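Chemist: Given these sequences and hints, build the entire structure.
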Amino acid sequence: MPTVSSVEVVAPTEASSSAVAWGPIIAGALAASAATLILMLLGSGLGLTVISPWSAEGISATTFAVSAAIWLVVVQWLASALGGYLTGRLRTKWVGIHDDEVYFRDTAHGFLAWALATLLVAAVLGSALSSVVGSGVQAASTVVSGAALGAGAAASGQDGATGEDNNLTGYFVDSLFRRADPGAVSAPGAEGDAAAVGEASRILLSSAVAGEVSAEDRTYLAQLVSARTGLAPADAEARVNGVLQRIDEARAQAKEAADTARQATLTLSLVAALSLLIGAFIASVAALLGGRERDERETVLSLR
1 MPTVSSVEVV APTEASSSAV AWGPIIAGAL AASAATLILM LLGSGLGLTV
51 ISPWSAEGIS ATTFAVSAAI WLVVVQWLAS ALGGYLTGRL RTKWVGIHDD
101 EVYFRDTAHG FLAWALATLL VAAVLGSALS SVVGSGVQAA STVVSGAALG
151 AGAAASGQDG ATGEDNNLTG YFVDSLFRRA DPGAVSAPGA EGDAAAVGEA
201 SRILLSSAVA GEVSAEDRTY LAQLVSARTG LAPADAEARV NGVLQRIDEA
251 RAQAKEAADT ARQATLTLSL VAALSLLIGA FIASVAALLG GRERDERETV
301 LSLR
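Okay, so the sequence shown: first residue is 1 according to this note's numbering, each after it adds one.
Just so you know, these hints were derived from the structure itself, not from any lab.
None of these values were measured; they are calculated from a predicted model.
A portion of the hints provided could be inaccurate.
[As the list claims (entries may be wrong)] Computed cross-link-like contacts, SDA-like style, restricted to lysine to any residue with a CA-CA straight-line distance of at most 20 Å:
no. : residue 1 : residue 2
1   : 93        : 104
2   : 93        : 298
3   : 255       : 266
4   : 93        : 296
Modeler: Structure below.
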């Protein structure tokens with residue numbers, strides 16, 4: 001009978017070492033984080049050189065926002081490329097691994113280096129970025145009412161209402177005790193001046209919040225101005241209409257500024273997210289190129 005030889009079957013075993021090389025990943029992440037901080041400071045310095053505190057000088061807000069968005073992409077591109085390339089070049093050679101697996105590991109290492117660098121930069125600049133974004137959102141929600149109130153106080157010729165004048169309830173109290181003869185309110189003397197100015201301020205503040213001035217308030221303001229300044233009723237009414245028109249223009253400008261701030265915040269957030277995605281891709285590709293170049297150089301040296 002033919003003899004049957006026994007064949008020993010060896011079960012595959014798992015590798016004892018992990019496929020993740022944390023040393024090169026950490027090194028690449030630190031390099032990318034440092035490059036990001038340097039480029040951010042450089043961009044901030046360049047941005048301050050083209051900004052002027054005077055409205056008629058320097059670049060516009062739109063130009064500055066576009067430039068900042070482009071710079072964010074450039075920062076992610078350069079920093080991620082540096083960190084990813086160093087990650088690929090610094091890792092040890094994987095022996096007995098298929099080329100496809102090597103490419104995957106290099107790509108994954110580059111992505112991990114980018115992720116760690118992003119977390120490090122977020123930890124360092126997190127409070128500053130949160131402050132910027134939060135300020136933009138808050139400005140979009142409060143600038144309308146705040147500017148309108150400030151415009152009302154400025155249009156009435158005051159530096160700002162303080163004390164009782166800040167309480168809009170005073171406007172409704174004035175409405176209850178409004179005199180039929182405005183001249184009695186604006187009697188000569190400091191006390192009469194304060195009473196007339198205070199009542200006019202509360203009317204303007206209330207109209208700024210409500211968005212319009214009632215016909216009754218408009219008529220009363222004209223009478224109050226006529227009695228206070230000695231102007232003819234027609235001239236007093238024209239002055240009141242001019243002040244209210246200035247308040248409407250200020251309110252419209254405040255709304256436009258709020259909408260611009262909201263759009264700028266939204267655009268900045270979208271561009272920041274896009275730049276991070278670009279950085280992740282660049283870091284992965286750079287790590288792949290760095291790892292391939294490292295293996296090729298070692299192969300050439302081994303053949304010499």
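Chemist: Taking the hints in turn, state whether each one holds.
Modeler: Results of checking the hints against the structure:
1. Straight-line distance between C-alpha atoms of residue 93 and residue 104 comes to about 14 Å, which keeps the hinted pair within the 20 Å bound.
2. In summary, the hint linking residue 93 to residue 298 is supported, as the alpha carbons are separated by about 9 Å, within the 20 Å threshold.
3. Under the criterion of a C-alpha separation no larger than 20 Å, the hint pairing residue 255 with residue 266 is consistent with the structure, at around 17 Å.
4. The straight-line distance between the Cα atoms of residue 93 and residue 296 is roughly 10 Å, inside the 20 Å bound, and the hint therefore holds.
Going through the hint list in order, the structure satisfies each hint without exception.
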